[in-house]
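In case you want the letters, here they are:
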Amino acid sequence: MATLQSTAARVAPGRRLEGSLTGPAQRPRAYVVGLAALAAVGGFIFLLTSPTQALLGESAWALNSALHGLGAGVLMIGVTVGLFQAYRLYRGDSISIGEMQIGSLFTAAASLVTIFYGNWIYIAYRASAPTSPRSYFLENMPQVHQVFFEFKEFLALYTLPLAVGAAFMIWYYGDQLRTRPAIRNAVAVTLVLAFFYFAVAFGLGAAVTKLRAV
Amino acid sequence: MAVTLTPVSRIEVEQTSVKPTGAAGAALLSGGLGLFAMSISQVMAEGSEAAKTAIHNLGKLWIPGAQGIGPYSGKETIALAVWLVSWAILHYVLRRREINLTAYGIAFLLLIGLSTTIFWPPATHAVVQAFYPK
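Same order as they appear, the protein sequences are chains A and W.
Quick note on the numbering used here: the first sequence kicks off at 1 and runs consecutively.
Quick note on the numbering used here: the second sequence kicks off at 1 and runs consecutively.
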């Protein structure tokens, strides 16, 4: 009993631990402000003191392809978190509905943005000019276009209905997900598939871009 | 008497607020239908020049830059239209029904799996050969 009281006294939030890194987390707003400050400082230094344009390249499609890649990067975070949430849903573990709602919306939006910019740079990819990636592949390594890219361009689209479907179910059923295994499993399957189709499209997209960028 | 009725009415409210599984079934099945329709449009575009032109024209109706995107824009349009229209219809029909979600889930997985197989280019060519023999 004496030990228990002693332990409780150590972990209880008190004046001594307030502001300490070892104290219990009580202020989510401070966490968000901290992250925002890091992003602002990092972004400010990065954008103002570095030749960012050099990283984008000289192509007329540089910005669109950068936004497509950025969207895919953000989507990767969303579907990876979704994969973890799917595991917890399937196991029947405790879940945070609020986190899932925000995360699923974020993932669906990232999928839409990635597809939107992917459509734009597809124009450059399939241009008839001999320097376009499609012309280059058909001339030098036809399988890259005829097999891998043709497969990737469609599988990338799967992420949108899957991510939107999962987001809809998470928002529509909300707290009922805690007690309804059938719907939990439906959401879990959808989230796992979103991760799978993203992984295939992202892997093939990165490989194709490595061989010939727009 | 009033004390006895209060918890009973609360339970009734909680029971009626449980949302049927129909909406989840509609969300699943419509996604599968949209993607399967897109795979059918791919086979049609590969098998027939007339179909390819018609599918491309669908994309040109609303997608900016569809001329440069090609028939892919029409295939996206078909997927989007079938997905969203079938979702709206299925949601309206099923939203108040308790359905067998396993059956809908299996149908969804079959549609997704079949469409993925059709999109694998060697399989696409085999299906095109079967439906559009030359």
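No lab work stands behind these hints: they were computed from the structure.
The beta-carbon is built from N, C-alpha and C at its ideal position, and this holds for glycine as well.
Please note: incorrect hints may appear among the correct ones.
[Unchecked claim] Label-pair restraints from in silico Cβ distances: (1) A:138 - W:67: 45 to 53 Å; (2) W:62 - A:207: 42 to 50 Å; (3) A:146 - W:49: 13 to 21 Å; (4) A:58 - W:107: 21 to 29 Å; (5) A:63 - W:110: 34 to 42 Å; (6) W:110 - A:45: 45 to 53 Å; (7) A:141 - W:117: 38 to 46 Å.
[As the list claims (entries may be wrong)] Facing chain A, from chain W, some residues (calculated, C-beta under 7 Å): (8) 20; (9) 24; (10) 34; (11) 123; (12) 131.
[Claimed, not checked] Covered, in the sense of this in silico footprint (three residues per stretch, anywhere, with C-beta under 8 Å from a C-beta of chain A), are these stretches of chain W: (13) 35-44; (14) 47-57; (15) 67-76; (16) 96-105.
Hint by hint, here is what the structure shows:
1. Between residue 138 of chain A and residue 67 of chain W the beta carbons are some 20 Å apart, a value that contradicts the proposed interval 45 to 53 Å.
2. At about 31 Å, the CB distance of residue 62 of chain W to residue 207 of chain A disagrees with the hint of 42 to 50 Å.
3. Range check, residue 146 of chain A to residue 49 of chain W: Cβ separation about 19 Å, and the 13 to 21 Å hint holds.
4. A hinted range of 21 to 29 Å is violated for the C-beta pair residue 58 of chain A and residue 107 of chain W, which are about 49 Å apart.
5. Evaluation of the 34 to 42 Å hint for residue 63 of chain A and residue 110 of chain W yields a pass: the beta carbon distance comes to about 41 Å.
6. Taken as a hint, the range 45 to 53 Å holds for the pair residue 110 of chain W and residue 45 of chain A, whose Cβ atoms sit roughly 52 Å apart.
7. In this structure, residue 141 of chain A and residue 117 of chain W break the distance hint of 38 to 46 Å, their C-beta atoms being roughly 24 Å apart.
8. At its closest, the beta carbon of residue 20 of chain W sits 10 Å from a beta carbon of chain A; the interface hint therefore is violated under the 7 Å criterion.
9. The beta carbon of residue 24 of chain W is positioned within 7 Å of a beta carbon in chain A (closest approach about 5 Å), and the interface hint is therefore held.
10. Taken as an interface hint, residue 34 of chain W checks out: its beta carbon lies about 6 Å from the nearest beta carbon of chain A, inside 7 Å.
11. The closest approach between the C-beta of residue 123 of chain W and any C-beta of chain A is roughly 10 Å, which is over the 7 Å cut-off, so the hint fails.
12. Contact between residue 131 of chain W and chain A, as hinted, is not supported at the beta carbon level, the nearest pair being about 18 Å apart and thus beyond 7 Å.
13. Residue count for the segment 35-44 of chain W with a Cβ under 8 Å from a Cβ of chain A: 4. That meets the three needed, and the coverage hint holds.
14. Remark: the segment 47-57 of chain W is not confirmed as covered by chain A, as 0 of its residues place a Cβ nearer than 8 Å to a Cβ of that chain, below the required three.
15. Figure legend: the segment 67-76 of chain W, annotated as covered by chain A; annotation consistent (7 residues with Cβ-Cβ distances under 8 Å, at least 3 required).
16. With 3 residues having a Cβ less than 8 Å from any Cβ of chain A, the segment 96-105 of chain W passes the three-residue criterion, so the hint holds.
Hint compliance for this structure: hints 1, 2, 4, 7, 8, 11, 12 and 14 are not met, and every other hint is.
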